[in-house]
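Using the hints, put the two chains back together into the complex; each one sits in its own frame.
Sequences listed follow chains A and B, in order. Here the numbering used here is used: the first residue of the first sequence is 4, the next is one more, and so on. Here the numbering used here is used: the first residue of the second sequence is 8, the next is one more, and so on.
Think of the hints as simulated: they come from the structure by calculation, not from any bench. Note that the Cβ used here is the ideal one computed from N, Cα and C, for glycine as well. The reader is advised that the hints may include incorrect statements.
Restricting the straight-line Cα-Cα distance to at most 16 Å, the calculated cross-link-like pairs of lysine to aspartate or glutamate (EDC-like) are [to be verified]:
(1) B:Lys48 - A:Asp30
(2) B:Lys16 - A:Asp42
(3) B:Lys59 - B:Asp25
(4) B:Lys74 - B:Asp37
(5) B:Lys51 - B:Glu65
(6) B:Lys59 - B:Asp45
(7) B:Lys47 - A:Asp87
(8) A:Lys4 - B:Glu65
(9) A:Lys45 - B:Glu65
(10) B:Lys51 - A:Glu6
(11) A:Lys45 - A:Asp87
(12) A:Lys71 - A:Asp30
(13) B:Lys74 - B:Asp25
Over 12 Å on every C-beta distance to chain B, these chain A residues come out as not near it, computed from the model [as the list claims (entries may be wrong)]:
(14) Gly19
(15) Arg64
(16) Lys71
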Amino acid sequence: KQEVTQIPAALSVPEGENLVLNCSFTDSAIYNLQWFRQDPGKGLTSLLLIQSSQREQTSGRLNASLDKSSGRSTLYIAASQPGDSATYLCAVPGANNLFFGTGTRLTVIP
Amino acid sequence: DTAVSQTPKYLVTQMGNDKSIKCEQNLGHDTMYWYKQDSKKFLKIMFSYNNKELIINETVPNRFSPKSPDKAHLNLHINSLELGDSAVYFCASSQVPQGTANVLTFGAGSRLTVL
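Chain B on its own, in the form it takes in the complex (with noise of 0.2 Å):
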């Protein structure tokens, strides 16, 4: 069983489209992120929500907004999609915030492609 798994694996589309990635782990963890992987393979953190509640939010465009119906889903959505989206976005999850001991489960990674 997949424990960090994210939807869709690939995804292309226009300018200006809105656009959402879905993300889902069975780990039971109370903590999940969404990382962004620029094209020179930088990953730098956008979001990080901690049992539903949002606790990191890193200087990322308001047309990102991240939410969590539930601590096992945190899905990105996208507004008006440009071109420097393109990157390849990861989420991950831990047991509880990073500062601990606790190791990030990742998921295998939703390449954005914006045309």
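Next comes chain A alone, as it looks inside the complex (with noise of 0.2 Å):
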């Protein structure tokens, strides 16, 4: 069964640094790989989604990677902002749903 992780589960930076979050995925046969963003009490809203045969995607200070092979992405965040605060979850589809990873809590301090 799939499982995905991602790593760090916080993390705080100041304003203006850039900074890179990583998921990695245990099976590597997947159709695409999404970036979403939640915020407190808020639902989910995505990012980016990367299809199996590209290897990277890009919006706005927004960048991500995927490596199937290895099993891994990362999103790359420029210039970070405190409007960059949130919970950043990576997914992958399964047979007819997500599983989703565990999430990176990001906070960025002005």
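Encoded structure:
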């Protein structure tokens, strides 16, 4: 069964720093990988979707990479802002659902 | 307009009660899901319906019963509530079942607290 792990569980950085969030998965036979953002008391917002044939996907200050063979993905956030503070989750699809990681809680300190 | 809406947003109830959480999506999606997020923030699939038919039923106590009157609605009924049922329940929808390129759209969550 697919297992998705995210490291670190929590991260605090000063505003302006670049940072990397890590996601690893055990079964590399995936169609795609998604990164989500969850704000406290809110639902999940999809940030980036990387297809299995892609190695990178970019949206604004966010860049996600995917290495299927090693079962890893990273989310790079450039020039972090206090508004980036949230929990970030990665997810990979199973037969009919998504397997989520446990998330990384990011705090960007002004 | 809210794409996936859940009601209620907060629910506080006593052990042993029966409660329901409702979910509606106006995206025209065929597939809807219920996920449970526990106190450690781990999201786990509970049920999935595709066009009103159950396609996923994970190891969930049979006190939990989903109902899909049409493909735009997926309600979750919970009987004999227990303390361990306290969690945030998320509804989601997608064009077709996951495994393809489709993205899930999530509701804002329903926080259930059992006292």
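**Message:** Of the numbered hints stated earlier in the document, which are not met by this structure?
**Reply:** 1, 3, 6, 7 and 9
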